[in-house]
Amino acid sequence: MKHKNDILYILALILLVMLYLISSTDLFYKEQETDIYQISVILNETSDAIFENIKLGMKQVDKEWTTEVNIVTLYEANHAEQQMKLVEREVANGAEVIILFPVDAELTKEYLIQENWNIPIICVGTYLPEQVVDVWIHGDELARVQELGRKIIEDNLRFIYTIAPRIERSNVNQRLKGLKEVLEENNVGVECLYYETEEELVTLLRELNEKGIETGLVALDTMTLNLLMTQYRTLEEQNLYIYGIGYTSSLLSDLEKGLIQALSIHNDYDLGYLSLASAVALLQHEKVAYDQKVIGGLITKDNIYGTFYEKILFPIH
Amino acid sequence: MNQKKRYLLIITIVFVCFLLFKNYINTDLKHEENKVVKIGVCTYKASDTFIASIVTELEKIIKEEEQLRETTIKLDISDAKESQLTQNEQVQKYIALDYDVICVNIVDRTSAASLIDQAASAQIPLVFFNRQPVEEDMYRSDSVYYIGSNAKESAIMQGELIIEAYKQNPELIDKNQNGIIEYAILEGEAGHQDTVIRTEYAIKTLEEKGLELKRVAGWCANFDRNQAAALVEQWLSHEQEEIELILSNNDDMALGAADAIEKLEGESIAIVGIDGTPQGREAVDKGTLLGTVVSDQKLYARQIFTLCDALIKGEEFVDQLELEDNKYMWMPWGKYI
Amino acid sequence: MLKRINEWWMEIYHQLSLRNIVWVSFSATAALATIFMGLSFYSRFSMQLNNEMQMENQALINQVNNAVNTYVRNMMKLSDTLYFKVIKDQDIQLVDFDETFRLFYETNKDYIKNIALFSEEGDPIVLAPAASLKEGIHPAEQKWFKRALEKSENMHFSTLHIQNLFNENEGEYEWVISLSRAVQMTYGSEVKQGVLLIDMAYDGIKQLFSNISLGQEGYVYMMDQTGAIIYHPKQQLLASGIYKENTQAAMHYNDGIYNEVFEGKQRQVIIKTVGYTGWTIEGVIFPNAVSLNNKKSNIFFIFLFLFFTMGLVLINSIISTKVSKPIRNLEKAVKEVEMGKLDTCIKAEGFYEVHHLGQSVHKMAEQIKKLMEDIVKEHESKRKSELDALQSQINPHFLYNTLDIIVWMIENERQQDAAKVVTALARFFRISLSKGKHIISIADEIEHVRNYLTIQQLRYKNKFEYDIEITEEAKSFATIKLIIQPLVENAIYHGMVYMDGDGLIRVQAYVEESEVYITVSDNGLGMTKERINQLLKGEIQSSKRGSGIGVSNVNERIKLYFGEAYGIQIESEPDEGTKMIVHLPKVIYEKEEKGV
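So the sequence lines, in the order shown, correspond to chains A, B and C. Residue numbers are given in the UniProt record's numbering: position 186 of the first sequence equals residue 186, and the series is strictly consecutive. Residue numbers are given in the UniProt record's numbering: position 168 of the second sequence equals residue 168, and the series is strictly consecutive. Residue numbers are given in the UniProt record's numbering: position 151 of the third sequence equals residue 151, and the series is strictly consecutive.
Careful: at least some of the hints might be erroneous.
With a Cα cut of at most 30 angstroms, we get these calculated DSSO-like pairs of lysine-lysine [claimed, not checked]:
#1 B:K81 <-> A:K301
#2 A:K257 <-> A:K151
#3 C:K206 <-> A:K301
#4 C:K335 <-> C:K322
#5 C:K146 <-> A:K59
#6 B:K4 <-> C:K332
#7 C:K85 <-> C:K146
#8 A:K85 <-> B:K60
The hints are simulated quantities; they were obtained by calculation from the structure and are not laboratory data.
Assemble the whole structure, with the sequences as input and the hints as a guide.
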């Protein structure tokens, strides 16, 4: 009888101590706010120069939740396999969620099914099915490319060149297809040019520039456009009608100055915000919608400073 | 009596366990195993071309090193947009995320103290670069370092560069051949240590070498290309006297002056800058600028990385670098003409 | 039903010890009190906290409002100073404003992006800092310019927009709010209109709102009269529609506090208007933002509750133990007494009732002790009597005399008689001893007397006759042994001795109602009443020649054994005879009997 009492007292004492520790110290349980989420963002380019606005969107999430965002760029341009290796590396380094901008959708799908990394994957841009990724954040590629096509037609161009990296990229292919459809319907000729190195690009650029006639050039991805414009700005004469997809503040400057005719854009800020917000929500075990679309539009010299697009093009931060 | 003793014993055991347990768990929570090296860089203004080129070079170096060593090095760049408050927040964030080294291009050189203290208590080394904190603050902690270049040296070189060019071809600079060089000067930020020194020593050097100078115009353009362009445009439109030489505290402003001249389609004027940014060097190659004083940005970035790397590896490695006063690393200047 | 419960409760209640009852009831009361007080304090405190928070929030909004007001006024003052002290009444063609403008700019660099003075046509006159107009931009077409000239007596604040007048560095863009006004400029003798523009850097305004927290989820935002957002912590998300704000409603509110429901959430909005501009500051607060209700706090309360309860339980336990200790000690002592240890020391301690009980129990124990001693004494005397009786069972005199007679008879060739006496003697002693038993059947007792009489008759040469009558019924009852023989002995020595052959002793045993009677009657001398008393009291020594047990002894033994109601009655008439009546209770003689 006495022993039983003793044991009860000891247990009670231990219970008290445990409760105290749980409630008043951080030993066992920390209030949720101090959780730092480890999230890795794997881009599809070798530098993050064209992702400025996306990063701003992510920063907004960071205000509400503490996140440690690791932005990883490729070593080699358009190297899809390498991108997968980087995903593997980030997972091994402790990433809790991966936000991926796939270079090659098919390859990515294979890897995701095969490797089964068991952490949430958020896909931005190119389409990947719901079985393989948790969230797909994207703009309306088709609508954008159609708008661009219509602008080209509006500008009375009979023939355009498209330029893109030689290595297959899912988003580029998609855009090309959409653009071709619209243009060919309206009897605008399309010739696809490809480049591998920057020198090649420069050469192509100069060649086209010297053609003299109304030559239209459509850059199918933002990085290409960026590289293109860096060269184009320095040229003595600028004879091309350049169209592009995506935007940075310097590209907008070019647009203003008339070096670029039109830019088809998605709301990059929202892409960044939604991707990181979805990541955090998934880590907090909340329901997140698979298909998340962001708005976009066609920007020309005239509507940069209109009210609606102004906020998208120049995010407040 | 036996019972009381028993109770006392139980309480003592529980208490001792608590103490031991507590220490053990606390350390466990705090330091998670991290194989990833994290370096934070806080720039004062990302659009400053000199800083921008250093950062670009640094990113390239990091990528190379990553592939060489087969580890992950995370480099995070923050832009303070000339606000010390913003920069403080950015540094605090790196501290909170337990970065291994933080490189700070401080906005206000008198405000380093609190940052140094915070980093010191978190045991994270700070590497200031390009904008130097006040000397007392540098000694607040042992793990504070500075990589920069000697402003005086650069200014003297700027002067020497002009003198050499003058000696070679006087008419290039003294257009009206009156033996006096009428110059205008574009100065940097009002509070910046480099502004005063660069201005002072450039002119001193010229004077010491016997050139006669006359200051026609001068204003501070905040190291900013556009502001410089606007100023020069004004001067050229309004000034009665001709300007033969434009001295600029940095390349951006020199380029701004060149822009203005191009816009007004006026006669070319000898313009000299300091920094040796890619754009500046290109302009010198083209002939738009007379010359500039180069601080090799590739080398700069490499040195920043070397110091960071040594700090991460440990004390001995830092000692090997043989820094001045165990804190300072100086970048050399070179003339470019 | 109630009765059943009551019964059941009573059963349990009887099993509970005082200590447990006290302890449980104390603890339960204490626990209830703790809970009640705790809850009261909690809700009171919570309420007070909420009130405090509300007041603080309002104060905070006021503070922000003041800051914004100050900011706006400063900008306006700047514009005023520039106009009235610098531009007005100074001949533009003669005076250079550049230096002054630049000075103003440098001093206010943190808040101002650009200061610019334009002519009526939109040509820039003074720009600080040095800047160049963007190609293709016509200031005169822009809203701020037009509005300034439209209402030239007022200052105009534009909506938040990107600076689109001057060339920026590549990749840079600035959000500004333009403060514009019409100015009169002197050109020699002419006075012309112009516009003074101050582009306020958005960062300056943003800083006024940074780090303002209104509880966990609350926030502050500012909008202009048209409902366009100037500052909102989620500004960028509002633009694309990901996040929504209730600006529609807020636009119609005047200054004050309003409760509303937006996007399914209850919230409170505090509105304050900023002077002159028509901007309004909205503070959105979510009720229950301050609550003590998070996991850790809850666990802490549970901990606190358990801690106090256990503490109280422990204390109560100690107190109740202490209080009930005397009773328990008493109970222990009583248990010991129960078990027969009458000498247990019963401490009279504790509070009054227990103390009194202790004393009583002690007295009781003593009494029992005394009674038990009495019983022991009684048994002692019983034994003594029996011992006496036993002793006298073997009276040497009677034996010698009887043996003498036997020898004489043998010598005188009266073998038959001798054998008769020897037999009778043997039987007599056998029954006297009765294997040590004290209780024998009446049949045996009568047999004992018969043998005695046989011997005595022969000894006393037929001086008397005897007669023994015993009913069948009486035979089976029990009696203590050696009660009749002494009476007969008495009758012989005191009655028959003087009779000369006419003596008659009659022994009868019969049952009447619930008693057994054995009478010994003789027709001898008889005795006086006094003698009867003396005899019964034992004051007369019986003859030494007899068995030694007196009549009184027999009486005593009967009373001792069977009780005061039984014993010997003596009826006697001097010279007529004596009748001794022994009456006993009806007790069946059982062979196996527990002897005393």
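Checklist entry - Which of the stated hints cannot be reconciled with the structure, identified by number in ascending sequence? => result Violated hint: only 5; rest satisfied.
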